[in-house]
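If you read the protein sequences in the order shown, they are chains A and B. Sequential numbering of the first sequence, starting at 1, is according to my numbering. Sequential numbering of the second sequence, starting at 1001, is according to my numbering.
Just so you know, these hints were derived from the structure itself, not from any lab. Just so you know, even glycine gets a beta-carbon here, dropped at the ideal spot from N, CA and C. Worth double-checking, as some hints may not be accurate.
Stated by the list, open to error - Ranges of calculated distance between the beta carbons of each label pair, as one might list FRET restraints:
no., chain 1, residue 1, chain 2, residue 2, range
1, A, R141, B, A1124, 41 to 47 Å
2, A, I3, B, Q1214, 45 to 51 Å
3, A, L132, B, Q1214, 44 to 50 Å
4, A, L21, B, R1257, 31 to 37 Å
5, B, S1275, A, A14, 49 to 55 Å
6, B, A1283, A, R51, 44 to 50 Å
7, B, A1005, A, I86, 39 to 45 Å
8, B, A1124, A, L79, 46 to 52 Å
9, A, R136, B, M1256, 48 to 54 Å
10, A, I6, B, A1124, 15 to 21 Å
11, B, T1150, A, A48, 55 to 61 Å
Said to hold, decoys possible - Quick look at which bits of chain A chain B covers, simulated, 3 or more residues with Cβ under 8 Å:
no., region
12, 59-71
13, 118-132
14, 167-179
15, 183-193
What the hints assert, rightly or not - Anything over 12 Å on all C-beta distances counts as not near chain A; from chain B, calculated:
no., residue
16, N1084
17, W1204
18, L1284
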Amino acid sequence: MDINLIVDSISVLAHGVFLTLSVTLLSLVVSFILSVPLSLLRASPNRALSRSVLAYTYVFRGTPLLVQLFLVYYGLSQLTVVRQSIFWPLLREPFWCALAAFSLNSTAYTTEVFRAGILAVPRGITEAAQALGLSRLMQIRLIIFPLAFRMVLPSYANEVIGMVKASSLASTVTLLEITGLARRMVSETFAPYEVFLAAGLLYLLLNFIVSAFFRTLEMHLAHSPTSNSRNIKAGPKSSKLWPLRQAIDKRAHTKPDDQPSIRSL
Amino acid sequence: MTRAAYKLRLLQLRTPYKLTPNCQSINLGLTRILLEIIGINNTISGSKRSFDEKPYIRRPYSGGATRHKAERTCVLSFALQFFNGLQITVVLALVSGALGSLLGLFVAMAKLSKRDVVALLGRAYTTIVRGLPELLIILVVYFGGTAAITALTGRYVEINAFAAGIAALMIVFGAYCAEIFRGAIMSVPQGQAEAARSLGLKPWQIWLFVILPQMMRVALPAYGNLWASLVKDTSLVSVIGLTDIMRVAFIGAGSMRAPLTFYLVASALYLSLTSMSLASFRALERRIEIPGH
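This is chain A alone, in the form it adopts within the complex:
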C-alpha cells in the first residue's frame, strides 16, 4: 500500500470531481423539472394519461442505464438526420449525451417517487383546499406538492445518491470523470488498489455530503407547522437554520407551534 500513490491519486482524481458533479447536478435539475408535471400526469385518475406515462417509466426503469447511454451516444450518431441537424455539435460530445441519458433515466425514477408521494397526501387536505376556493394549479403548488415532497424525501435522497453513483457510467463513453480518470491512472501505474481506493474515498465523500444535506433538509422541514412527518425527530434548536426559520415565522406572523397556516408553507 503506497500512501504517496494514494495521495497523488486523490489529487489527480479531484480534477474529475468537477465533471462528476456537473453531470450529476445538471441531470438532477433537468429530471426534477421534467418529473414534476409527469408525476402529476401519472397520479391523475385519468387512466389514459397515467398509462402513457407508465409506458415511459416502465421502459426506462426496466432497462439498464448503460444500454440507454449507449443508445443515445452511439445510436443517435448513426442516424443521418441527427448528424445533419443543428444539435450535432452537442450530441457529438459525450458530456451532453451522458447528460441526456442520465436525465431521461432519472426522470423516470423521480416520476414514480413523486407519484407515490402525491397519492399519499390525505384526500381530506385536498378537499379542504378545494373548499377554500383554490384553483387546481394553486392546490398543487401550495398544498399537494410540498406535502408529497416531504413525505418521499428519503426515497428522493436515495435517488440522488443513485445518480451520483450512476455518473461513473459516463466513463464508458470516454468522459473523464472520477472513474474514467481512475481507469486511465490504473492503466498507467498498474496499481489498482491505491487508485481505486482514492476513487472510492472521493465517491464516499460525495455521498456523505449528499446524505448530510438531505438529513438537514428533513430536519428543517420537520420544524414547519404543517409537517406530516411526526416520526422525524426535529433537530436541535441550536442548529444554524433555526434563526432563519424564526425570522421567516415572525415575518409570516406565526409561531412555530401555531395552527397550520397556508401562508407559511
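Using the hints, position chain B against chain A.
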C-alpha cells in the same frame, strides 16, 4: 459441407467460446465461421476467395441482393450470439443473487447482533458498499483481484471476468439485501423469538423455523425490486469483457455499424428479463400473502 464436418466445426465453435476462461470476446472470425455454416461462402470446401485469405482487401460489390442476404444471415448468426449472451446474463444474475442473498442474510444478522464490534463491521460494510458505484466495485474486484491473487500465490493468476462479475455483484447485492432483511427482521414481533426460546428451541432453530419465514413475507416486495436492479447491473460486467447481452450488442454494433438496432434488441431483452422477474415476484407475493396483514 458433410454432416461430420459440420459437427466438427460446431464443436470447434463451442469449445473456444464457452470453455476457455480467457476467450472473452467474440472475434469476427467466429462470425465468418457461422456464416460458413449457414452457407454464405464455402471456405472449408476449398474454393479460393481472396476475401478470406486477405481480409483487409475489400471484396467487390456483388449487387444489393447478395448484400441483403448477407445481412439477413448475419442477423441470424447474431441471434445465436444474443442467445448465448442471454444465457450468461441469466446465470450471472441467478448465481450472484443467490450468493448475495446468503451474504446479506448473514450481514443482517451481524448488524442485529448484541456484540458492538460485529454490528459495527456490518454497518461499515453496508455503508461503504452502498456508497460506491457498482462499476467501481466491479473494476476493483477484476483488476485488484488479479493483483491480489497473483501476489498471494506467486504465479500469475488471472481472474475470469465471469468470476469477477459474480464476486462484485454478490458484494453489492449483499449490502442492499442486508438493509432489506434487517428491516424485515426488526418488523417480526419480538414475542415470537421469546416464545420460541421458552419452548426450548436452540438459537439456530429459532432463526430457521420462526424468524426467517416471517421475515421473508415482509421483505419480498423490496427483494423483488432489488432482483430487477441486479438483472440490470449485470450489464455493467460487459465493461470488463464478459460476453453477456450488452457485450454482444456492443460487438455487433461495432462490426455491423448499426448501433441502434443492436442496442434496441439488447434493451428489449433486458426489459423482458426484468418484466419476467417482477411478474414472478408479484405472483410469489400473492401466493404467500395473508389477508389482513
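Distance restraint evaluation - B/A1124, A/L79, Cβ atoms, bounds 46 to 52 Å: 48 Å, holds
Status of the given 31 to 37 Å range, CB of B/R1257 versus CB of A/L21: 35 Å, holds
Range hint compliance [Cβ, B/A1283 to A/R51, 44 to 50 Å]: 22 Å, violated
Coverage claim, chain B over the region 59-71 of chain A, checked by counting residues with Cβ within 8 Å (three needed): holds (count 10)
Whether the CB-CB distance between A/L132 and B/Q1214 falls inside 44 to 50 Å: 46 Å, holds
Whether the CB-CB distance between A/R141 and B/A1124 falls inside 41 to 47 Å: The hint (41 to 47 Å, Cβ to Cβ) holds, given that A/R141 and B/A1124 are roughly 43 Å apart.
Range hint compliance [Cβ, A/R136 to B/M1256, 48 to 54 Å]: 51 Å, holds
Status of the given 45 to 51 Å range, CB of B/Q1214 versus CB of A/I3: With Cβ atoms ~48 Å apart, the hint holds.
A/I86 and B/A1005 - C-beta distance against the hinted 39 to 45 Å: Given range 39 to 45 Å: violated, Cβ gap about 56 Å.
Within 8 Å of chain B (C-beta), three or more residues of the region 118-132 of chain A: violated (count 0)
Three-residue Cβ test at 8 Å for the coverage of the region 183-193 of chain A by chain B: Since three or more residues must qualify, the claim that chain B covers the region 183-193 of chain A holds, with 4 doing so at under 8 Å.
Coverage of the region 167-179 of chain A by chain B, judged on three or more residues with CB within 8 Å: Our answer is that it holds, as 6 residues pass the Cβ test (under 8 Å) against chain B, meeting three.
Hint violations for this structure: numbers 5, 6, 7, 13, all remaining hints satisfied.
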